[in-house]
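J.: Here is what each chain is made of, one letter per residue.
Protein chains: 2
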Amino acid sequence: MTNHQAVLDRAFHALSDPTRRAIVARLVQGPASVSDLAAPFTLAMPTLLQHLRVLEGSGLVASRKTGRVRTCTLNAAALAETEQWLARQRAAWEGRLDRLEALALQLHKEENDHG
Amino acid sequence: MTNHQAVLDRAFHALSDPTRRAIVARLVQGPASVSDLAAPFTLAMPTLLQHLRVLEGSGLVASRKTGRVRTCTLNAAALAETEQWLARQRAAWEGRLDRLEALALQLHKEENDHG
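Each protein sequence line maps, in turn, to chains A and B. Its first residue numbered 1, the first sequence is counted upward by one per residue in full-length UniProt numbering. Its first residue numbered 1, the second sequence is counted upward by one per residue in full-length UniProt numbering.
Any given hint might turn out to be false.
Okay, the calculated beta carbon distance ranges per label pair [said to hold, decoys possible]: (1) A:G67 x B:L97: 42 to 48 Å; (2) A:A39 x B:K65: 47 to 53 Å; (3) B:A77 x A:N112: 29 to 35 Å; (4) A:R90 x B:G95: 31 to 37 Å; (5) B:R88 x A:G57: 22 to 28 Å.
Calculated from the structure, these hints are not laboratory results. In this text, a Cβ means the ideal position worked out from N, Cα and C, and glycines have one as well.
Produce the entire structure from the sequences given, and follow the hints as far as they go.
T.: And the structure:
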């Protein structure tokens, strides 16, 4: 498996959980301490830390401890890789629809020409 | 959990595997039989069918059996939902960067005005 595939595997896996998506949605607004991130959830702290570990392992989130406070930040570039993969699939899909439409128009024209 | 969250959970989970992403990348080119999908891989058929079950469970792929041939098609709308979620996060992130830039410019201007 290429490294790029492994990056996508981990990023998509990290995004497959609603709590982790909520953490990402909070971090796009700016860095946050672990306590800030915990506030909107009714999760036990160990569960939240487990989700943060998955997010850090995926490269979507980085964290740094200063004194007693651990601050988490989003790695927007890693998030962008997943979006780019999806955008490529959509472009291929739309290209196919365009070709089908062109083919349908051509068949219609040929029918009229010979009709 | 809302239904929309469950849809995203399953779609992102389905995309967290390189074989399943390769199947999606094949199906954006058009429908394919299970044998067509199997051809580029060196996977045992039960493994491929397991991946197809995950993709069908996620709503990203649908399949229909006609005679002895099962044909798989992409559900582009389900794929679009994951891209839209990511696009919303990027828009929020870019909005934040724009606000930071505006703030930096304002601080710079104030410094010059009072300097």
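J.: Could you run down the list of hints and mark each one as holding or not?
T.: Status of the hints after comparison with the structure:
1. A:G67 x B:L97: 42 to 48 Å: 27 Å, violated
2. A:A39 x B:K65: 47 to 53 Å: 50 Å, holds
3. B:A77 x A:N112: 29 to 35 Å: 33 Å, holds
4. A:R90 x B:G95: 31 to 37 Å: 23 Å, violated
5. B:R88 x A:G57: 22 to 28 Å: With a Cβ separation near 24 Å, R88 of chain B and G57 of chain A satisfy 22 to 28 Å, so the hint holds.
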